[in-house]
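S.K.: Sequence:
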Amino acid sequence: AHVSFNIGTKDLILCSEYPPENHTLASSLLAIVGSIAKDDSKSKAEKFVLDLICTQLVGKDVFDLWDLKDPCAVLNSILVKHGMSEYEPRLIFESGRNTIMAIYNVGIYSDKKFLGRAPGETLNIAEELAVFDCLRKIFQIRESEKPISPKKLSMDVIMNEKIENPSVENWYSESLKLSKCF
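Here the sequence shown stands for residues 80 to 261, numbered as in this note's numbering.
These are computed hints drawn from the structure, not numbers from a lab. These numbers come from a predicted model, not from an experiment. It cannot be assumed that every hint is accurate.
Cut-off 16 Å, straight-line C-alpha distance, at most; resulting in silico cross-link-like pairs (EDC-like, lysine to aspartate or glutamate) [said to hold, decoys possible]:
{"#": "1", "residue 1": "192", "residue 2": "167"}
{"#": "2", "residue 1": "191", "residue 2": "165"}
{"#": "3", "residue 1": "192", "residue 2": "165"}
{"#": "4", "residue 1": "192", "residue 2": "222"}
{"#": "5", "residue 1": "148", "residue 2": "207"}
{"#": "6", "residue 1": "191", "residue 2": "167"}
{"#": "7", "residue 1": "139", "residue 2": "222"}
{"#": "8", "residue 1": "160", "residue 2": "190"}
{"#": "9", "residue 1": "216", "residue 2": "100"}
{"#": "10", "residue 1": "139", "residue 2": "125"}
The following label-pair restraints were derived from C-beta to C-beta distances [said to hold, decoys possible]:
{"#": "11", "residue 1": "216", "residue 2": "129", "range": "41 to 49 Å"}
{"#": "12", "residue 1": "203", "residue 2": "120", "range": "45 to 53 Å"}
{"#": "13", "residue 1": "191", "residue 2": "147", "range": "48 to 56 Å"}
{"#": "14", "residue 1": "132", "residue 2": "179", "range": "20 to 28 Å"}
{"#": "15", "residue 1": "246", "residue 2": "93", "range": "27 to 35 Å"}
{"#": "16", "residue 1": "162", "residue 2": "102", "range": "34 to 42 Å"}
{"#": "17", "residue 1": "216", "residue 2": "135", "range": "44 to 52 Å"}
{"#": "18", "residue 1": "163", "residue 2": "222", "range": "43 to 51 Å"}
Built from N, CA and C at the ideal position, the CB exists for glycine as well.
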């Protein structure tokens with residue numbers, strides 16, 4: 080929706096709601112990409128996506144863009160699919176309880192194995208951030224990595240409609256050994 084808005088589709092869309100809602104903007108962008116692929120060529124559609132969409136992803140954190148509704152359930156699902164127990168949050172340490180500067184550090188464990196940890200202002204925030212730390216390790220998304228350059232991004236992208244990206248609910252990797260992630 081953000082990309083669609085920035086290329087000016089808001090002024091071109093004729094619909095009952097004004098301003099157009101995010102899902103309308105997103106659908107319009109998909110329609111534009113589809114029409115380029117159909118009318119011109121697949122390679123022009125790929126170039127359009129690389130030039131207008133992928134360049135906006137450079138330097139962004141995946142977890143800032145990806146709005147997971149329930150990261151705890153996602154982590155538990157992945158752990159269970161890989162033969163591990165559901166995670167167990169544990170308080171590692173705390174400081175400043177009952178003050179405005181309180182901090183809690185929560186660790187995530189499964190089968191008595193340490194998976195990840197994170198600090199937070201409350202126990203709930205610390206647990207959620209620790210779950211995100213575990214998901215980062217599983218998906219191999221490190222915060223310390225340098226951002227992807229646009230040149231590298233355009234060289235690494237392979238457009239193939241036969242390869243389907245699994246949804247996070249169905250995500251399972253035979254080759255992934257979770258023991259290597261943690």
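S.K.: So, for every hint listed, does it hold in this structure?
M.R.: Here is what the structure says about each hint:
{"no.": "1", "hint": "192 - 167", "verdict": "10 Å, holds"}
{"no.": "2", "hint": "191 - 165", "verdict": "11 Å, holds"}
{"no.": "3", "hint": "192 - 165", "verdict": "11 Å, holds"}
{"no.": "4", "hint": "192 - 222", "verdict": "22 Å, violated"}
{"no.": "5", "hint": "148 - 207", "verdict": "11 Å, holds"}
{"no.": "6", "hint": "191 - 167", "verdict": "9 Å, holds"}
{"no.": "7", "hint": "139 - 222", "verdict": "10 Å, holds"}
{"no.": "8", "hint": "160 - 190", "verdict": "14 Å, holds"}
{"no.": "9", "hint": "216 - 100", "verdict": "35 Å, violated"}
{"no.": "10", "hint": "139 - 125", "verdict": "21 Å, violated"}
{"no.": "11", "hint": "216 - 129: 41 to 49 Å", "verdict": "29 Å, violated"}
{"no.": "12", "hint": "203 - 120: 45 to 53 Å", "verdict": "50 Å, holds"}
{"no.": "13", "hint": "191 - 147: 48 to 56 Å", "verdict": "26 Å, violated"}
{"no.": "14", "hint": "132 - 179: 20 to 28 Å", "verdict": "42 Å, violated"}
{"no.": "15", "hint": "246 - 93: 27 to 35 Å", "verdict": "32 Å, holds"}
{"no.": "16", "hint": "162 - 102: 34 to 42 Å", "verdict": "38 Å, holds"}
{"no.": "17", "hint": "216 - 135: 44 to 52 Å", "verdict": "26 Å, violated"}
{"no.": "18", "hint": "163 - 222: 43 to 51 Å", "verdict": "24 Å, violated"}
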